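A.B. asks: Below, each chain spelled out in residue letters.
Protein chains: 2
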Amino acid sequence: MSVAVIKIHVMSVAVIKYDRGMGRWEPNARGRLERAALELYVERGFEQTTVADIAERAGLTERTFFRHFADKREVLFAGADALQELLVTAVVGAPDSVAPLDAVAAALEAAGALLQERREYSRRRQAVIDANAGLQERELIKLAALASALAGALRRRGVADPAASLTAEAGIAIFKIAFERWVKETGPADLPQLIRESLGELKAVTAGS
Amino acid sequence: MSVAVIKIHVMSVAVIKYDRGMGRWEPNARGRLERAALELYVERGFEQTTVADIAERAGLTERTFFRHFADKREVLFAGADALQELLVTAVVGAPDSVAPLDAVAAALEAAGALLQERREYSRRRQAVIDANAGLQERELIKLAALASALAGALRRRGVADPAASLTAEAGIAIFKIAFERWVKETGPADLPQLIRESLGELKAVTAGS
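Listed in order, the protein sequences are those of chains P and R. Just so we're aligned, residue 11 is where the first sequence starts under my numbering, counting upward by one. Just so we're aligned, residue 11 is where the second sequence starts under my numbering, counting upward by one.
Hints are not guaranteed to be accurate.
Which copy? The list can't say, so a pair holds if one copy fits it or any two copies do.
Unchecked claim - Computed cross-link-like contacts, SDA-like style, restricted to lysine to any residue with a CA-CA straight-line distance of at most 25 Å: (1) LYS194 with ARG167; (2) LYS194 with ALA90; (3) LYS194 with GLY162; (4) LYS186 with LEU150; (5) LYS82 with LEU150; (6) LYS213 with ALA109; (7) LYS186 with ALA154; (8) LYS82 with PRO105; (9) LYS194 with ALA173.
Source of the hints: derived by calculation from the structure; they are not laboratory data. Computed from a predicted structure; not experimentally measured.
The task is simple: from the sequences and hints, build the whole structure.
C.D. replies: If you want it as structure tokens, here you go:
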């Protein structure tokens, strides 16, 4: 499956997610809450912000907040579940002929293309996470869950262990390094391109040893 | 540097650590506390065990416990700092001619040879961690810190980023998968051998894609 085809898959899942998140009388409540929360975390700090503050800034009620997010921490990580679903769908759906790591890398690139449209959001989110140890732990847990889900998707493709687990961990390493470069780079940076470079670098590192 | 030479490096650091941990009138207090804590965590569960219980079981005082460990959680993770120091020392000390991933893999194998002598301890420790979400988080944080330290060691060898970070992450992936197999395997299992297999598998996975 080409990156383009995977991207279409991924985008249709994203659109479904988006629609589910919209209340009839609160167009894009979820997005408004996300933006309000991030603004406040940047302005006041994560610890100093309450759910009431977020709802007020978004012009919505706390009740609406809790229909979308379990707590103020989850606003920053809600996207991780969608990301995981997208990656798993893409990996499981890749043609049998595609090598395991290529299936993972293509899925990551497709997800990267979606994230690319939210670079400024991602950078500000990362700054908030970098400033808080508890949020960093949560990020590590999400990445570990992602590795585990990717390994499961590879097993569904008939990849045996330990290859499935190792490929999944390699995929997460590729993504992590590319993502770090993408948010830190001061000039323009293309996440799918950085993911491709990161894959190439991993291949060079393993081939050269 | 050969694995044997790295092992000698690693063991001398380990011996220094061990000596530091001994009080004059409490021979191997640290080891006794570790064993007592693990026994109790397995018998009663981690949450249900207090520092007072651990000290009593070890025939030592709480005061002695706190000279060795910050809290009851750290008993399970104290070895991680030593492991990190050993790995960094081995990676920095490897000859210039050794490829980055090989330097990391040789260091991991040498550390694996030391861990091999504590397999039963490692298995019981893992069962305690698997039963507690908070401990799993702590384990992820330690692994992330280890990846970061390895990347730093590689940079000191003149390896540029992103290769340094990617090699470190690949090393952690290799170790993680080998370690999981090692603790789960019901029959005999050799950790350094599993680390070599895991490296080979990663090479196959990246070459085949």
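A.B. asks: State for each hint whether it applies.
C.D. replies: Hints, verified against the model:
1. LYS194 with ARG167: The answer is between: 24 Å across copies meets 25 Å, while 35 Å in one copy does not.
2. LYS194 with ALA90: Cα proximity of LYS194 and ALA90: one copy only (20 Å, versus 29 Å across).
3. LYS194 with GLY162: between (31 Å within a copy, 18 Å between copies)
4. LYS186 with LEU150: Intra 10 Å, inter 15 Å, cutoff 25 Å: intra and inter.
5. LYS82 with LEU150: Close inside one copy (18 Å) and across copies (23 Å); limit 25 Å.
6. LYS213 with ALA109: both (14 Å within a copy, 13 Å between copies)
7. LYS186 with ALA154: both (11 Å within a copy, 11 Å between copies)
8. LYS82 with PRO105: neither (39 Å within a copy, 49 Å between copies)
9. LYS194 with ALA173: between (31 Å within a copy, 16 Å between copies)
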